[in-house]
Every structure is written in C-alpha cells, then in structure tokens.
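Asks: The chain contents come next:
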Amino acid sequence: MEHTETMVERGRSAPSVLGSSGLSWWKWALLPAMGAMIFGSFHLSTPMRDQAAFEARHNDAFRIVYYHVPMAWVTVVAYFTSIWFGIRYLRTRKWQDDERAVTAAGLGTAFCVLATLSGSVFAKIAWGAYWNWDPRQVSIVMLLLIYASYFTLRGAVTTDSARGNLSAVYSLLAVFAVPFFVFIMPRMSPSLHPARMDMSAWPHKVVFLSSFLCFTVLFFWMLQLALRVHLARRARQREIV
Amino acid sequence: MNGNYIAMAVALLGWVGLFFYLVRLDRRFRDGEHEG
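Chains as they are written, first to last, in our numbering: chain A, 1 to 241; chain B, 1001 to 1036.
In short, the hints are calculated from the structure, not lab data.
There's no promise every hint is true.
Part of the chain A face toward chain B, derived, beta carbon under 10 Å [claimed, not checked]:
(1) Leu-30
(2) Ser-41
(3) His-43
(4) Arg-63
For the chain A half of the interface with chain B, some residues (derived, Cβ under 7 Å), not all of them [what the hints assert, rightly or not]:
(5) Leu-23
(6) Met-34
(7) Phe-42
(8) Leu-44
(9) Val-77
(10) Leu-225
(11) Arg-228
Here are the computed distance ranges between Cβ atoms for each label pair [unchecked claim]:
(12) Arg-1028/B - Thr-158/A: 29 to 39 Å
(13) Tyr-1005/B - Val-175/A: 19 to 29 Å
(14) Leu-90/A - Asn-1004/B: 45 to 55 Å
(15) Gly-1017/B - Val-206/A: 24 to 34 Å
(16) Val-206/A - Ala-1007/B: 35 to 45 Å
(17) Arg-1027/B - Arg-187/A: 43 to 53 Å
(18) Arg-1027/B - Thr-152/A: 11 to 21 Å
(19) Gly-1003/B - Phe-151/A: 36 to 46 Å
(20) Val-206/A - Ile-1006/B: 20 to 30 Å
(21) Gln-237/A - Asn-1002/B: 29 to 39 Å
Just so you know, these numbers come straight off a predicted model, no measurement behind them.
The beta-carbon is built from N, C-alpha and C at its ideal position, and this holds for glycine as well.
Bound conformation, chain B alone (with noise of 0.2 Å):
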C-alpha cells in the first residue's frame, strides 16, 4: 500500500507541474510573448 502511496504522490505532482506548465504556455502565448 506504500508503493500506492507514494505513486499517487509522484502521479499528482506530475499532474499539477504538467498543469501549471499549461497555464504558464497559455498566458504566455495570450500576451504574444512568443513573438519576442
């Protein structure tokens, strides 16, 4: 159950670092950073 444990960790930092990675590219790309 441990291991359980310790993936579902691993699996929600993952997600919120993918997801925060996301909103970063989003705003980014919504204030037209990209094009410096």
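Just chain A, same shape as in the assembly (with noise of 0.2 Å):
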C-alpha cells in the first residue's frame, strides 16, 4: 500500500520535470500570447499576398500557415519526446517512462491528425482536392501509419514489461523515420508545397515564430495534464492488481 501511494505521489510530482505543478506564470502567459497570435494572424496580410502566381482569392488560405506548420513542428516534438522516454526506459525500466513515452507519442498524434486534416482543408482550396498524393501529405500519412502500429503493438501485448521494452525497441526505430519522412523525403522529388514563403515583413515573421512558440508551450502543458492523468490512473490500476 504504502508502495501504492509513492507511484500515486510520483504520478501527481513525475510531470514537474516539465513544469511546476500549480498554474505557473507561462500557462497564464500563454492566454494572452496565443490570442495575440490568433488576432495577428487575421489581421495581417498573408505571406503569399503579393505573388502573382496565386491569386487573390486563395489569399486568405494562406493564413492556415500560421497554424499548419506549427502543428507539424509539435508532431515532431512530440514523437521526439516519446523516443526520449522510450530510450530512457531502456535504461531504467520504469513503467512511469514507458507512460510518459505512449502519452508524449498519444499527443504528437493527435497533432499529426491536426495537421494532416489543416492541410488538406489548404490543399482543396489551393490545389483543387483534398488529397493529392504530395510528398509532404505521403510523408504525414507514413508518420500517423507508423504511429498506428506503434499503437497496435502496445494493445496486442498484455505483460506490462514485455509492452514496455517492445515499445521502447519500436521508438529505436522512430529514431530515423520521424526525421526521414519529415525533413528528407518531402524534399526528395518536386512538391506542390511552397519551397518557400515570404515572410520577409517582420509582423509575418513575429506572429509565424510566435505560433511556433505558442504551440510548444501548449503542447508541454498539455503533456504534463495527460501524464498527471495516465500515471495517477496506472498507479491506481497496479493497486488494484
């Protein structure tokens, strides 16, 4: 029982890794940041405005940039941290990591899908269909496929070590997958995503970073509410068991 408790304890303490565990400044910082983003990102002229190429009626689409890509950015950091975890329980065997892995590799899913579905939205409007078999959209899909199995895997282990070391193994070999078909594959055959986008304007480029800023720290906000949630829960399943 007593043994019970600590994991409950570290349940509640474990997330303090990444943050205090009362609402610290940067949550409530994060309010008003990320309204000044959405405000800034409808307020200013999109990045692609003045490019002949695209006209002027896909202007406004553009504006899905500032959220898009920061999606993709915190699917990468997320599934980064799960690798983290994941090799971290190698080495000390603790359930906590092997929670703190599926947790991270949970979110950066959900944000895969975000992106996925954002830029679809995107490609209907740009490129006439929500699919169009681009690299970048090929390359996500390879990505949420991965992750699907990753997923699998775990459901179809019952022994709790057993699951935790194959999904640790399995995150090994995330290791090259997350940045081949991130940064490698996309940019090996043409694309119809943008080489790259004009944000020479300093508000574009203010509000862009800002974005990217403001994810992260909401994805690690919500990374430590998930953890507080599954470790507390898994301690108390380990108690009743």
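With the hints as a guide, bring the two chains together.
Replies: Here is the structure:
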C-alpha cells in the first residue's frame, strides 16, 4: 500500500520535470500570447499576397500556415519526446517512463492528425483536391501509420514489461523514421508545397515564430496534464492488481 | 473580410474555452480531486 501511494504521488510529481505543479506564469502568459497570435494571424496581410502566381481569392487560405506548420512542428517535438522517454525506459525500466513515452506519442498523433486535416483543407482550396499525393502529404501519412502500428503493438501485448520493452525498441526505429519522413523524403521529389514562403516582413515573422512558441508551450502543458492523469490512473490500476 | 472576423472570433472563443478547460484540469489534478 505504501508502495502504491508512492506511485500515486509520483504520478503527481513526475511531470514537474516539465513544469511546476501549480498554475505557473508561463501557463497564464499563454492566454494573451496565443490570443495575440490569433489576432495577428487574421489581421496581417497573408505571406503570399503579392505573389502573382497565386490568385487573389486564395490569399486568405494562406493564413492556415500560421497553424498548420506549427502543428506539424509540435508533432515532431512530441514524437522526439516519446522517443527520448522510450530510450530512457530501456535504461531505467521504470513503468513511468513507458507511460510518458506513450502519452507523448498519443499527443503527437493528435497533432499529426490536426496538421494533416488542416493541410487537406488548404489543399482543397489551393490545389483543387483534399488529397494530391504530394510528397509531404504522403510522408505525414507514413508517420501516422508508423505510430498507428506503435499503438497496435502496445495493444497486442498484455504484460507490462514486454509492452514497455517492445514499445521502447520500436521507438528506436522511429529515431530514423521521423526525421526521414519529415525532413528528407518531402525534399526528394517536386512538391506542390511552396519551397519557401515570403516571411520577409517582420510582422509575419513575429506571428509565425510566436505561433511556433505558443503551440510548443501548449503541447508541454497538455503533456504535463495528460501525464498526471495517466500516471495516477496507472498507479491506481497497479494498486487494484 | 466579414468571414475573417467570424473565423477570428470562433478561433479566439475556442482558444479561451480550451485554455480555461486546461486551467480547470490543472487545478483539479493539483488538488487531487481525480482520486475521488
């Protein structure tokens, strides 16, 4: 019983690695920061407005770049966080690290789905179809499939230690797969995605970079909360068992 | 442009809603209500 209480306590205190357990200043700062970013993203001229190649009626669709790209970025951050905890599990063999890895992977997959959907909406407006077999579209779906396999693998194993070991070893594969599908494969063939966006005006840069920052902070806050829930639930399950 | 204002209002409201939901979760788990 004493052991289980320690686990519940750990479940609460473990995420303090990623932030304090109280509602700290950076969480409150996120409210006006994200609000200002949203306001800026709708009030600035769009990054591609002056490009003759893009029809004027499509300009507003480019505002999605302030959300779509940071969500794809958070996907990569989440998957690398998951890989990091997976590798740590192989060293420590603590179930908490396995739980952290799967929680980060779950959030990464949620952001990956959001990035895919927001990209598809833009693709429909800009390129005429939700799905164009663009290298970036294919690569993000490959990532989704890789992590769908990760969750399937976890679901197929009932023993805690075997599930943790297999997941962590599978994460080692993702060390190579994530950078390949995000950074290398999309650059290997011509893409409908713009090679570079005109972010020369400083307001665009400020909003774009603050969006990256806001989404990253939001991810770590969500990860902290999800970890508290999962670790406490897992500790309780172990108490019942 | 009106569409932009509506979209911005929806995005801002959605963000404020998500933020206070996260605040509520944060306080709830800090206070240990989840154990009840």
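Asks: Can you let me know if the beta-carbon spacing of Arg-1027/B and Thr-152/A is within 11 to 21 Å?
Replies: Distance hint for Arg-1027/B, Thr-152/A is violated at roughly 35 Å.
Asks: If you take the shortest Cβ to Cβ gap from Arg-63/A to chain B, is it below 10 Å?
Replies: Check passed: Cβ of Arg-63/A comes within 8 Å of chain B, closer than 10 Å.
Asks: So does Gly-1003/B sit 36 to 46 Å from Phe-151/A, Cβ to Cβ?
Replies: holds (38 Å)
Asks: Is 24 to 34 Å respected by the C-beta to C-beta distance linking Gly-1017/B and Val-206/A?
Replies: Check passed, 25 Å falls within 24 to 34 Å.
Asks: Does the Cβ pair Leu-90/A, Asn-1004/B satisfy 45 to 55 Å?
Replies: Given about 49 Å between the Cβ atoms, the range holds.
Asks: Could you check if Arg-228/A really has its C-beta closer than 7 Å to a C-beta on chain B?
Replies: holds (5 Å)
Asks: Minimum Cβ distance from His-43/A to chain B below 10 Å?
Replies: Since chain B brings a Cβ to about 8 Å from His-43/A, closer than 10 Å, the hint holds.
Asks: Let's test the interface hint: is any C-beta of chain B closer than 7 Å to that of Leu-44/A?
Replies: Given a least distance of 11 Å, the restraint on Leu-44/A is violated.
Asks: Hint says 43 to 53 Å; check whether the CB-CB distance for Arg-1027/B and Arg-187/A agrees.
Replies: Since the Cβ atoms of Arg-1027/B and Arg-187/A sit about 45 Å apart, the hinted range of 43 to 53 Å holds.
Asks: Hey, does the Met-34/A contact hint survive, CB to chain B under 7 Å?
Replies: With Cβ-Cβ at 5 Å, under 7 Å, it holds.
Asks: With a cut-off of 10 Å, does the beta carbon of Leu-30/A approach a beta carbon of chain B closely enough for the hint to hold?
Replies: holds (7 Å)
Asks: Please check whether Arg-1028/B and Thr-158/A have a Cβ separation lying inside 29 to 39 Å.
Replies: holds (31 Å)
The structure is inconsistent with the numbered hints 8, 9, 13, 16, 18, 21, although it conforms to all the rest.
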